[in-house]
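Engineer: Below, each chain spelled out in residue letters.
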Amino acid sequence: MSSGPQPRAAGPVVRVRGFDLALDRRYEPATHIWVADAGPGLVRIGMDPLGAETSGTLAQISLPGVGADLAAGRPFGQLEAVKFVGPLTSPVSGTVRAVNDAVAADPGLIERDPFGAGWLIEAELADPAELDGLLTDAAEITAWYEARIEDYVRTGAIAR
Amino acid sequence: MNRGWPAAGRPWRLITDDGATAAGGLALDEALMAGYARGEPDRLPTLRLYTYRTHCALIGRYQNLAAEVDLDACAATGTPVSRRPTGGGAIIMGEDQLGVALIAAAPPDLRPREIIADLASGLVAGLAELGLRAVFQGKNDLEVDGRKVAGLGLYLDQAGAMLFHASVLADLDVEFMLRVLRVPAAKLADKAVAAVAERVTTVTALTGRPWAGPSLRPVIAAGFAAAFGAELDPGEPTAAERDRAAALAVDRYASQSWLADRSAALDGSGSAAIKTPIGLARIYLTTHGDLVKNAIVVGDFNELPVAVPDLEARLRWHRLDERTVMDAVTASGAWEALGVPAEQLAGAVLQAGSQAVERLAAAPLRSEGSCYFPEPSRSHG
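Chains as they are written, first to last, in the numbering used here: chain A, -19 to 140; chain B, 18 to 398.
Worth flagging that the hints you see were computed from the coordinates, not collected in a lab.
Incorrect hints may have been included.
[As the list claims (entries may be wrong)] Derived CB-CB ranges, DEER-like:
| id | chain 1 | residue 1 | chain 2 | residue 2 | range |
| --- | --- | --- | --- | --- | --- |
| 1 | A | E126 | B | A145 | 30 to 40 Å |
| 2 | B | D278 | A | D17 | 33 to 43 Å |
| 3 | B | P227 | A | V133 | 34 to 44 Å |
| 4 | B | G252 | A | R134 | 28 to 38 Å |
| 5 | B | D190 | A | A10 | 41 to 51 Å |
| 6 | B | V210 | A | A78 | 46 to 56 Å |
For each residue, glycine too, the CB sits at the ideal point set by N, CA and C.
Hey, can you work out the whole structure from these sequences and the hints?
Structural biologist: So this is what it looks like as structure tokens:
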């Protein structure tokens, strides 16, 4: 899963019931959006493999421009999968400082390298305390991820 | 059906109407979403069960109009076109197809595919009343005995509202569909109707009784009521919703910019031959970027092995990479049914895919394919 260029070290990636999971970052559990440190006051934001898998094959992605404002819990872009069109929801508030043009051109990058080259945006945080509301602890993240995979297989959200 | 959905027993609004125009039908669905935006008072879902004027052609959110619809044939037959806000492929709609729109606040804890699977259960329950066993099973469409009987799609807007769309085939004028959608012409012309019938079915065909959208409506309404434990309370759109729909019909769904909106990905088509013990077969693919839009395997089979349409359905809307294709080939069992090694069948699929991509360089705007059936290559087969 983790082939291709990785602008930043992807850190420890473990395999949970067939799905990759990076343990060096935080997660917004409802949306499967990850947040990784990217320097003082800066974060990199992306989508984990379950987020992609439970949306359906990704067909197109629209991202904001550099300088756009982000609000926690509010949309920052749009994702179009084959049967689904919907918002990408920001886990934090702040300002967009970089956008990954490569995923806009090739949304399959999110599926191939979700924790590396498939990142979405980088943002400057308005309120670093917002990070405390995300899943942070490796054991907690792993337990959450495993439980969600079980749910998704049971409900048919993951085709098996 | 409780998780994430409103409690059983409380009334949902049921809206019914017939003869919607292409732009007007889609505009009302979107207009109904405004009442479910974040910050609006909590309210129960609206279920709209309706039909379009015979016929309209509706393409999916990110499809390229001219690639999916024969615009000359639409003009000649007076068939209006529009673009849905939901994903999926090109379809025809008319009095024989029941349009289903379920509008609600997006359940915050459910993923898109969970929402689609949950709401498909309303259709499954309705069709079960007719003795039909429809299944979703994580695929893109609702199927009975491996044949598509309904197409599904989901749109969550930026304000937190949800629109679930389904088109249930009460019946289908296959010849008309083949005429207006970019579907097969040349090589399969004489076999096209039969080939569609092997892959798509209707409530009429399955029950042996004539059904249309309006007669199917109470069946599907009862299915949603049963699946969600909901009472359906017949109602009408409010004046504000009608006004918003009228504006959206003009500003969006009938506007050239919305219709002409192009995806960044290009459409292509390709084919490859495969020798089998029961004769030569050929696989045709239509593609959108690196996604399979449609796949069809044709050959001199006395009877189409069930595993073949299963393979086609597993390829559809998936990516053309080795692992995904190999997974589809092995899971379907189509390689066994055709009597060839799995690697050989997967190789033929990838070869057809490479051809589709290579052709893009030569003719970037040429493409075909619909929700039901792809057009075969003109230079092969």
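Engineer: Take the hints in turn and mark each one as holding or not.
Structural biologist: Hints and how they fare:
1. E126/A x A145/B: 30 to 40 Å: At roughly 34 Å between Cβ atoms, A145/B and E126/A fall inside 30 to 40 Å, so the hint holds.
2. D278/B x D17/A: 33 to 43 Å: Holds, at about 37 Å.
3. P227/B x V133/A: 34 to 44 Å: 40 Å, holds
4. G252/B x R134/A: 28 to 38 Å: Distance hint for G252/B, R134/A holds at roughly 35 Å.
5. D190/B x A10/A: 41 to 51 Å: The hinted range 41 to 51 Å holds for D190/B and A10/A, with Cβ atoms some 43 Å apart.
6. V210/B x A78/A: 46 to 56 Å: Holds, since V210/B and A78/A (Cβ atoms, about 53 Å apart) stay within the stated range.
Violated hints for the displayed structure: none, as all numbered hints are satisfied.
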